Amino acid sequence: MANVTGGGPAQASSEVESPGAGPPATGPPARSRSGLLPSREVWRERILSLREGSIIVVTLVVATYFALNTSSFFTSANFKTLLPYFAPFAILGAGEVFVMILGEIDLSIGGTYLLAPYLFYKVATAGLPLVPSVIIALLACMAVGLMNGFFVAIVGISSFVTTLGMLFALEGLTLIISHGQPVATPGAQVHATTHNVTHVVNGVHVQLPETVNHISTFAKVFGGGVYSELVWALLIVVVLQTVLTFTRWGLYTVAVGSNKLGAAEAGVRVRLVMLRNFVLCATTGGLVGILEAVRSATVQPDTAGANEILFYGIASAVIGGTLLAGGSGTVVGALIGALFLGILHDGLTLQGVNANYLLFYLGLAIIVAMTVNIYVQRARRGHGSG
Amino acid sequence: MEPSRAPDDVLRVEHIAKRFGPVTALRDVSLHLRKGEVLGLLGDNGAGKSTLIKILSGFQRQDAGEMFLHGRPYAPKSVDEARAQGIDTVYQDLALIDELSVYHNMFLRRERVHRPLPFLANREMKHEARRALDEIGINIPRIDVAVARLSGGQRQAIAVARTVNGDADILLLDEPLAAMGAKEGSMILDLVARLKEEGRVSIVMILHNYVHVLEACDRVSMIQDGAIALDKPTAETSVEELTEIVVNEYRRARAAAHS
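Taken in order, these protein sequences are the chains called A and B. For the first sequence, the positions run 1 to 386 when my numbering is used. For the second sequence, the positions run 1 to 259 when my numbering is used.
Any given hint could be a false lead.
Residues on chain B that point at chain A, a partial pick, calculated with CB under 8 angstroms [claimed, not checked]:
1. S78
2. A95
3. L108
Below, computed lysine to aspartate or glutamate pairings styled on EDC-like, alpha-carbon distance capped at 20 angstroms [to be verified]:
4. A:K260 - B:D167
5. A:K260 - B:E111
6. B:K232 - B:D28
7. A:K260 - B:D80
8. B:K196 - B:D167
9. A:K260 - B:E236
10. B:K35 - B:E14
11. B:K183 - B:D167
12. B:K35 - B:E249
13. A:K122 - A:E308
14. B:K232 - B:E244
15. B:K35 - B:D231
Which stretches of chain A does chain B cover? Using the computed rule of at least three CB atoms under 8 angstroms from a CB of chain B, they are [claimed, not checked]:
16. 254-262
17. 266-272
Hints listed in this document are in silico derivations from the structure and should not be mistaken for laboratory results. On a predicted model such as this, the values are computed, not experimentally measured, just so you know. For each residue, glycine too, the CB sits at the ideal point set by N, CA and C.
Assemble the whole structure, with the sequences as input and the hints as a guide.
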């Protein structure tokens, strides 16, 4: 609820809205408007009523643990490693939130993630400029979303089955058109130039050659720049949370996910709402695929990697507080869920955990953190059972 | 039974039939609604009342028969289209969204936005919703909570308030008192009486309690076995007569089943 009626901040201010005409006996006492800032209790209520509240707490605890125990965690060099790692999950999670609010799931983002960079490569190498090539690849992802929506909303196949089929089909299609071979990402190549730099050694001026790497502006924007993916992630999360909380798109998405028949009776065009959210979700998969291909400068037909990033994306949404059952969810939560996964992965790596143990520890840590998350949620709601 | 054709009929329904696979919900239903009138629609469970309401509201389409709104052919393709022509409905299941706030529910599909921007005008909707609920006199302490947290009667009141607050001139109420206590129920009946006095809207209302029917309605139409079995002004009928029709039908059906 909190995420729909203003992401929480609207929660505490309602009593102010009710005029004197309302029955005064049963309503909570009206808060005075005198103070410029809301009282400490109001802020406390606001923060606690955020769906994302408990995962924020859990993430802060994990980050503090690594900051105290690993000297290299809280360094700018590490942040540069951490940031590109979690940003893709956040973007995928943000798209997935919309489909999950509907009570559906989209596994095909692993497929669009894999296919989109190859489409981009094909179109760009056929001679089109880079940005239009990206747009064409993303349009193809939208078509995939449209097909998902068609099979789920109109034919009536479950979204799990539909998008699982689409995942396999798209991954297979990628293998077919790529012949299983990686290719260099267009526009993402690193150009090394050598400059003679003057140094002063023992009072003597010496010219020494140094290599400087350059990437194009296109590459810097689309994933190659250090903060590029982070900026994309933040931008997408802000835009999509706004769409979810403050527009009809979000309102109808929640309505359909919460009560499909009721929404239809009220006049909401249920199929249209489902279609457009599947389109949105599939597109985020394609965008992340292209960003990652530009960042690594190669397009890889790596189906296992695509499946892994798909699950990290869904996990980010779920960890962030979006219900698999539908009806409610939060995009900001998906960002924090992704950050949590990123910190955990990064922190464990820095602690020198053996690569073979990493996934095992990661799995255990997710379950422990989610257990804590549930208890924090119950505590703030003031009752003992979920 | 051919409905009498008065010039002030706002809504006329002629020979409507609707089947769901092997089940015939409506065989041949004809009825009419005059301007400013409150028509009580009666009938046993499964008689087809709700199906008729859903056809009138544009949610489903009839297999046969015609409808006329203000004398012109009326064939809504959607709930939105029916609403645009002035027909709005309180469904039996209330069509409320549990996860949305009271005021978002009240404005569902009629949201106010900050034109030309697409953002919801929540403050305006809150004020408007509060005003509408106060007008009915239903006690909803907070209108920014999810409707899931409200009682059955409060939910029902919100569904009724939502429909009444629109600018429809024909209201279809499918069991508006179903989940209500005596006090809340009489509030809704008071509201219906007030609307009748104002004379702006005409109402078709499904009710189960015959005392309520005689109190609130100008006329009753009873659906039995997918067709209209009785159509009388309430002044000319009684609880006894209405009960007898239903009981006779039940006895006949049982006798038929035993023979």
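Hints, verified against the model:
1. S78: With a closest approach of 7 angstroms, the S78 (chain B) hint holds.
2. A95: 4 angstroms, holds
3. L108: Holds - the Cβ of L108 (chain B) comes within 8 angstroms of chain A, reaching about 5 angstroms at its closest.
4. A:K260 - B:D167: 25 angstroms, violated
5. A:K260 - B:E111: The hint holds at about 18 angstroms.
6. B:K232 - B:D28: Holds - the C-alpha atoms of D28 (chain B) and K232 (chain B) are around 18 angstroms apart, at most 20 angstroms.
7. A:K260 - B:D80: 16 angstroms, holds
8. B:K196 - B:D167: 15 angstroms, holds
9. A:K260 - B:E236: 42 angstroms, violated
10. B:K35 - B:E14: 18 angstroms, holds
11. B:K183 - B:D167: 27 angstroms, violated
12. B:K35 - B:E249: 32 angstroms, violated
13. A:K122 - A:E308: 25 angstroms, violated
14. B:K232 - B:E244: Holds, at roughly 15 angstroms.
15. B:K35 - B:D231: With Cα atoms ~17 angstroms apart, K35 (chain B) and D231 (chain B) stay inside 20 angstroms; holds.
16. 254-262: holds (count 7)
17. 266-272: holds (count 4)
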